[in-house]
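Each chain, written out:
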Amino acid sequence: MPEYESVIGLETHIQLNTRSKIFCGCKADSWEDDPNVNICPICAGLPGVLPTLNKSVVEKAVLLALAVQADNILPISYLARKNYFYPDLPKGYQISQYAEPLARGGRLIIPSADGEDRVVNIEKLHIEEDAGKTVHQNGKRLIDFNRCGVPLVEMVTAPDIRSADDAAAYLIQLRRLLRWLGISEADMERGQLRCDANVSIRILGEDSLNTKTEIKNINSIENVRAAIKTEVKRQIQTVEAGQTIEAWTLGWDEDTETLRKMRSKETEADYRYFREPDLLPIRIDEEWLLEIKSSLPELPLARQKRFTLDYGLPDYDAAILTEERSLSSYFEATVKLSAGDPKTISNWVMNDVLRLIKEKKISAGGLRLIPKYLAEIIEIVESGMITRGTGKELLVNVEDKGKTPLELVELEGLAQVSDEETLKSMAMTIVDQNPKQVATYKAGKATILGWFVGQLMRATKGRADAKIVQSIFQELLDNDGDLGS
Amino acid sequence: MSEELCDLSATEISRRVKNGEVTAEEVLDSTLQRIRLVEGRRPSTNPYSPEGDDRNKVHAYISLTEKRARLQARAIDDAVKAGEDPGPLAGVTLAVKDIFCVHGTPTTAGSKILENFISPYSATSVQRLESAGAITVGKVNLDEFTFGSSNESSAFLPPVGNPWDPSRVPGGSSGGSAAAVAAGEAVLSLGTDTAGSIRQPAAFCGVVGIKPTYGRVSRYGLIAFASSIDCPGPIARNVTDAAIALQIMAGSDPFDATAAALSVPDYFSTIEKGIKGMRIGISPDYHKLKFPDPKTGEMCEQSVDEEIAEALSRVLDHLTNAGAEIVENVAMPNTRYGVPAYFVISRVEAASNLHRYDGVKYGYRFDGEVSNLRELYRKTRAHGFGSQAKLRILMGMYVSAEQYEKGYYQRALKIRTLIRNDFVNAFNPEGPYQLDCLLSATTPTTAFKIGAIYGNSVSMQYADLLTVPANHAGIPGLSVPAGVDNAGLPIGIQFLGPDFSEANLLRIGRSYEKASADEPWRRLQPKVLHA
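If you read the sequences in order, they're chains A and B.
Using numbering that gives the first Met the number 0, the letters of the first sequence map in sequence onto residues 0 to 484.
Using numbering that gives the first Met the number 0, the letters of the second sequence map in sequence onto residues 0 to 530.
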């Protein structure tokens, strides 16, 4: 059997997080809202209504085009009608873009599973309105128009992806980018990021494109991976059995992890696209483009790389810290406010701050533990004023109580017991009170030293430096309780 | 018949209402009285055959909104009593073409498919006219979804009769509007013009109609036919009334992206200024009409009716006397392609605009057994749409199909540009003609008999031959009455001007109106008032 290569292109639909819909003033996000509450004559397609374009939809889409280095953001693009009948499409056409999309060309770089970066070319990017939702219940179709007119960006890649894992990696990078830009919540489970995959195979080394199948509406990154793997396997088996691949449209059944044939390509509709006469052309002049460009932040991969160069962070750290924009800014702000070592700060952020963020389900930017406080905590830990353990607790306390670290240290007496004489006298008391354990030590069980250290840490509520305490006990026990006096 | 309140001009009515000489309610009652007198039986979607004196009546109104109108009238009278300004159209009765949504009223588009649709909102034009004090008396008949030039394609029958001879059509598609205004069943009407649908019926019924520049008046709330050419506009009994109505309707609208952001000039500051030195053109292409024969496809030529040509030359005399310079032989070579290009563009847009009528959300739904969704669509649309809508869907779907779209739709769009270039050239201040406006007959014939042409959609479309080029070009056109023919039927002429030249057109129209005020035909009244 020859070695096959899969050829994959992804068509993604990205729900923009604008406040209102694309062509009317209705609330765009209807997650967990009752059906048909966020609708008006315009998005419900009543007779006589007209659409008006929400400017921020264009701005967010252009921002994405800039972020994927689009080769051509068209100075004039057009909206077009895509005509078809469906009960949840109230106008009988979807307002989309066709011959003149908002942007053409571009690329998204994805770190691949084998450690080598891959470039996935973007063919085009356009804006359009979402349709409603049909729910089948007891033999009836129930229609919810809330989603009608929710703004979407459709972004189509070239057939540049070569494995199911790379397809998943592409989506992970895209999701990261969308959240980074703040233009979409990009939650696949909530349909804010949707993916159709075009899949074909060829013998490795060939560069022809063979008949492809299209897998529709896959609702999670893991399902994209699984569906593509399944389809590639099916295509290889089909070809190996001497049959030909037909241009089917397939649906992924999550429960049975199987592909279901939805329709043959021959029956595909003619959408009779024509320019939408109810809307003006979208004109993006130099000035507007510059304005949007000025709001384009440093992008995740660039920042990730810079963190390794500027702060000497391992790539692993840099990747985690730039997973999310707010976290990366948080880290960098802390570094700038602190005299400490960036790697030390990275450890604190990756472990303690990230845990806090996950527990509280907020973003780094929403923490009461602002970078200044984190920098202070790290500083007083490093200076020995408090122990590392106290520092970790303090961090949580600052977040919970909203007080500054120094206030809390003072208020709760957290400063480390660093006076060695005090520690020694406490240690002697412990040794005196526990002859059995002393005997065990004398018998050669040196590991019991830890138990002694623990007793003292308990007595100081963890405010002692464990290393110093250990050496005190060692000296005491080795010298028969005589501390060289 | 003596002149009633409902026969007065809008200016005169609002003056009297503001003064307290008459109440808005009295104007309303006078209008309703006239309606009872001339209207005949109410058009409906029931199976129709002519009976009784159907052919002597107007049948303009699909629905009367008397209760709503009375509330509006009382509010105006209360405002007058309280010393408040009731608006420039105080007490002026308005007939709204049933293609506009009016809040809380049945809005049918003359189609069975919307027979039971009650609009939850008002069109921008309606809302603006009502805010100015106009009283909406009811919704008037039209060709189904405005698809026609005679009013015969409405699902609501009997068809509208021309007040000057009710056995003839009032024109279309704003036939109900023009007929109602001509017969005193309303002082003003709101119509739409996609290929001549304001100007042609205005000409047939002897009233004034203006199709504004595309974008001058918001389309919000106008049920779409061909979105890129539909234009709302007023129909009135004189030029000044049309100007008042347009002044109120015009201007940008946050609900219509294609409504121009340009400010609206004050039409009254110039309307009486005369036309001295203005250059008014006439074109042989608007006299000897060329069109492809429906059967052979060969180009035929036919002149506008002689009586209409004569009327036009009398108009030219008046304009010359008023100081205008007449420019002859203006070349408008692409006029002949107006109708074929319109056939294509309007049908592509119409087919798409009719997609939403599927029986799912509102309007008519087939109530028999269906086995699946497709059948529900098919049966609903088969029973809900009339033949003109179906023809437009079929042709629109055909010429926009992937394999034909380039040959038809894209080509028609190019022709549209050529037609516009004819006008741009004619109006170019540095061009060969330097016209302020182009003058032509509004229609090649006067009103034809009900049933004479209906069914031959190609011939019917040639009623629009002179009017449709302005729709392609997006420019404004004003049709005014210019006499009657030997049968006593009104003749209309139109002034076409460059983009946003409404002020000039109204000024020219008003100038002609004054110059011809003493012509005997001006004292004639529609036959239906004497029945």
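Hints in this document: simulated from the structure, not taken from any laboratory.
Honestly, I wouldn't trust all of these hints.
[Claimed, not checked] Simulated restraints on C-beta separations:
1. B/K275 - A/K292: 37 to 47 Å
2. A/Y315 - B/P119: 51 to 61 Å
3. B/D366 - A/L141: 11 to 21 Å
[As the list claims (entries may be wrong)] Which stretches of chain B does chain A cover? Using the computed rule of at least three CB atoms under 8 Å from a CB of chain A, they are:
4. 54–65
5. 462–469
Note that this is a predicted model, so its numbers are computed, not measured.
Glycine included, C-beta positions come from ideal geometry on N, C-alpha and C.
- Message: Need the list of violated hint numbers for this structure, in ascending order.
- Response: 1, 4 and 5
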